[in-house]
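Visitor: Make the full structure from the sequences, and use the hints.
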Amino acid sequence: MINQTQIKNIDWILIFLLVLNTLIGIAVIYSSSHYLPGNYFLRQIFWTLLSLVVLFALLAVDYNILVTYSLYLYIGCISILFAILIFGRLIAGTRSWIRLEFMQIQPSEITKIAVILLLARIFSEFKRKYLSNEAGISSSAFVLLAVVLVALQPDLGTALIYIPILLGAFMLAGITRKTLVTLLIIALAVGILGWGFFLKDYQKDRITSLLTPDKDPLGTGYHIIQSKIAIGSGGLLGKGYARGTQSQLQFLPARHTDFIFAVIGEELGFVGVVGIGLFYFLFLARLFQSVSKSRDRTGVYIIFMVAMMITSQFFINVFMTIGLFPIAGLPLPLLSYGGSSLLTNYIAISLVVNVKMRRFVNV
Amino acid sequence: MMNNKIYEDLSLAFSRARITFTVVKILFVILILYFWKLQILDFQTFWQKSEANRIREITISPQRGLIRDRNGVVLAKNIASFRASLIRENCTNQEESCLKISTLLGLTPEVLNERIQKYSSLPLFQPIVIKDNLTYEEVARIKSRQYELPELVVQSEPKRNYPFGTLASHVLGYLQEISPAEMEMGQYKDRRMGDLIGKTGLEKQYEQSLVGTEGKILEIVDSIGRELGEVSRVDPIRGNEIYLTLDFDLQKKAEEILDGLEGAIIVMKPKTGEILAMASYPNFDPNSFINRFTPEEWMDLINSPEYPLENRTIRGLYSPGSLFKPCMLLAGLDLGEVNDSTTSFCRGSILIYGHPFACWKAEGHGAVNLYSAIQHSCNIYFYQMGKRLGIEKIARYARMHGLGSPTNIDLPGEKTGLVPDPEWKRRVRDEPWYPGETISVSIGQGPLLVTPLQIAVHTAQIANRGLGVTPYLLAREIHEGREIAMRQENTGGRSPVPEAYFEKVVQGMWQSVNDRGTSLLARVRDFDVCGKTGSAQVVSTATAEKLAKQKREIKTHSWFTGFAPKDEPEIVVSIIVERAGGGGATAAPSARELFELYREKYD
Chain A
627 MINQTQIKNI DWILIFLLVL NTLIGIAVIY SSSHYLPGNY FLRQIFWTLL
677 SLVVLFALLA VDYNILVTYS LYLYIGCISI LFAILIFGRL IAGTRSWIRL
727 EFMQIQPSEI TKIAVILLLA RIFSEFKRKY LSNEAGISSS AFVLLAVVLV
777 ALQPDLGTAL IYIPILLGAF MLAGITRKTL VTLLIIALAV GILGWGFFLK
827 DYQKDRITSL LTPDKDPLGT GYHIIQSKIA IGSGGLLGKG YARGTQSQLQ
877 FLPARHTDFI FAVIGEELGF VGVVGIGLFY FLFLARLFQS VSKSRDRTGV
927 YIIFMVAMMI TSQFFINVFM TIGLFPIAGL PLPLLSYGGS SLLTNYIAIS
977 LVVNVKMRRF VNV
Chain B
776 MMNNKIYEDL SLAFSRARIT FTVVKILFVI LILYFWKLQI LDFQTFWQKS
826 EANRIREITI SPQRGLIRDR NGVVLAKNIA SFRASLIREN CTNQEESCLK
876 ISTLLGLTPE VLNERIQKYS SLPLFQPIVI KDNLTYEEVA RIKSRQYELP
926 ELVVQSEPKR NYPFGTLASH VLGYLQEISP AEMEMGQYKD RRMGDLIGKT
976 GLEKQYEQSL VGTEGKILEI VDSIGRELGE VSRVDPIRGN EIYLTLDFDL
1026 QKKAEEILDG LEGAIIVMKP KTGEILAMAS YPNFDPNSFI NRFTPEEWMD
1076 LINSPEYPLE NRTIRGLYSP GSLFKPCMLL AGLDLGEVND STTSFCRGSI
1126 LIYGHPFACW KAEGHGAVNL YSAIQHSCNI YFYQMGKRLG IEKIARYARM
1176 HGLGSPTNID LPGEKTGLVP DPEWKRRVRD EPWYPGETIS VSIGQGPLLV
1226 TPLQIAVHTA QIANRGLGVT PYLLAREIHE GREIAMRQEN TGGRSPVPEA
1276 YFEKVVQGMW QSVNDRGTSL LARVRDFDVC GKTGSAQVVS TATAEKLAKQ
1326 KREIKTHSWF TGFAPKDEPE IVVSIIVERA GGGGATAAPS ARELFELYRE
1376 KYD
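Heads up: the protein sequence lines correspond to chains A and B, in order.
Residues in the first sequence are numbered from 627 upward in steps of one, following my numbering.
Residues in the second sequence are numbered from 776 upward in steps of one, following my numbering.
Some hints here could point you the wrong way.
Computed list of lysine-lysine pairs in DSBU-like fashion (alpha-carbon distance at most 35 Å, straight line) [what the hints assert, rightly or not]:
1) B:K964 <-> B:K893
2) A:K826 <-> B:K824
3) A:K830 <-> B:K800
4) A:K634 <-> B:K800
Source of the hints: derived by calculation from the structure; they are not laboratory data.
Guide: Shown next as structure tokens:
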């Protein structure tokens, strides 16, 4: 299954950058939650170790095999999403968790992997210069089903991340002006319909409070205001590790999860933001550079969609903490606390490494 | 192993990926620029906001100064109490929390909303007191729900307490919440909405001394308002302690005498003006309405027809009746209208200006000289003297001896009384002065009005043989254990009337008590009490005569004023009991009790 050449071609730099960013995340998680019960940073370390094991274990399986069976994987994930929608217990107001003995798992995270593999399979068949209607419509249908199921949980944030994955595939396949216009019209229609029929009031508030956070400083604007205060008050050098008042005194909401970047901004300052941003950039750069290392279309799609997934989630999350994007309840990949998200990202990186290490084998 | 696959041409895909990555790079640059703006350019603004987030300023109410009687008995102190306040800043939904809080504290939402409305102008972080005098059970209930209702906080504050309840309530006064109008007055500039201030009595008069200085704590709090530590602390400074001139026992006795009646008693030292007792009845218990709400009890007091909140000693206006006769005699002697040999013959009534004027003793006193006129309080003698003097001279001598002007006691709200003259009548009533009115004024009736305190001060001047005096209540003021102020003995001006004439008036008053005069029930063995009774008509003379003809009983106000001992006077007692009949029967024996008690305690 796995040979010397492949092991030699494992992208250790990518894995190093992955683990480095995870460790930075663990340090910040400790700072922002050590005074809370629950030992979040220990749990994150456990998840990191588990994810690493999964990452390496998955390398043994050729990604082409995974792609071949991607439809079954997708059907399995969709079934689970259906099941928890019907039977799932409400945790924090949403039905997005499966409760196991010791941990909770968010199937909506893992489903992303299935979607990436399925899209890779669909698009590897199309070799035209631009996206065809069949490919566009069939892939959209698969993704939309997952998006709707996740959005119904309701977990709009996670559902949102499926869109950049799909768009990534489209972009790679090539978007004509006609397709672009069509997509914009669809987006507009979905937006209007969503606003009129589907979005709940609190979700609408989150969007409007983006424009006017001071209108309701204790309500929907609270998170944005407190997060911006945290970041702004960090200044050049920050208030010091584990010494951020906004974070330590709990003015900042969801410190170790969605708003972890605000903790970085407050405690480590502009220098910390640039430093940690640089490590993250190197990681993403390595991902994007990996695209051209693939020798087959499937691999290109897999790597690019993984890059799109992580990059878009990074930007949405960071823009959210500085008030440039509505609060969507989305973790910062690798840095935020959250096992399912971490595991999903590690599996995604495992796929990238998988593609890269086998690039000479299939030739 | 090589298979036959040829490399696909993926260059188009690669270049599209590269373009995407370029976009990512641009986004990174934008992100860094935005963080530059937030963290470097806007740093000051956000830094201040984060400081304001975590630092909370808490004021600590100082203990209000104690009030003690002259011997140290505590008349007003402080006890611990708890109040519940709402910090609107911590509300996620004000309406919802109002509902929750109102059920938690047993208030109606309307009352609560009204309360919040009243203070809506305060900054959001400032607590609004919504209930005070919490029970321990209520405190526990609030504390146990602190996580759920971070906007509801319990603060402890010292609460004013009057251990003897109604005792000296008019003198001490009471506290209530400062009103918006008072907030705008300069003297309360350090006070805040929701603070309690003295509204009447000494609590008001010496507010600045008693109030003390607020302490301040700067503390770090978390987002739901839990304290995590102090940054700095300035301890509050206790209000100054004040010692009064009041004597607890005399005050108590005076109030016992008045219990169930309406009236006023003043006991004072004639030489110095120290007030030993000042009682007004009916009274009230200030403990029962020291809170920020307006209970029914309070409304009852305000609306009571008996005006229990009025301090009758300084705000009750009465005709002096026969108590005015010593003053008349002083005028007569000084102006040479009467001397030791002047006598009148009392047949029980007299016709003046074609109108009959009666003496209180229908069968008449017979021949009366200046001593027996005071002794037996003969009206006829003074009618004739009044007729000779005329109203202008009478008014001049009344004003000379403390009537018609405030005594300047250290209490707020003192009334002036009224010494009428033709000028006054023209101005106020737009009518000429009728000569018959002069006759009424001669025996202390008519428009002449005095306060009981004016009578006491007037009596003190007679006792001092002409030396006036300013009455006072505050004896000493103590700030952190050091005496910072002591009342200088404050004698007023001397009357232009020679001492010898005062001596004659005193002699008449001595006879009134000790020689079977009208005040004989005020007599104390071996204490040489001098006094004068009065029975002031409540209604006008005309009505009184009409009622008398119908043989209907007119209850007059019962007056007594006097001092003892005759030669070295130590104590003045003035009493009025409303609608209690003749002064000799009601007020004089009450005065005896006070003279006796004083003698027992201080001689």
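Visitor: Give a verdict on every hint.
Guide: Each hint, compared with the structure:
| no. | hint | result |
| --- | --- | --- |
| 1 | B:K964 <-> B:K893 | 19 Å, holds |
| 2 | A:K826 <-> B:K824 | 31 Å, holds |
| 3 | A:K830 <-> B:K800 | 31 Å, holds |
| 4 | A:K634 <-> B:K800 | 30 Å, holds |
Every hint, counting from the list given before, is met by this structure.
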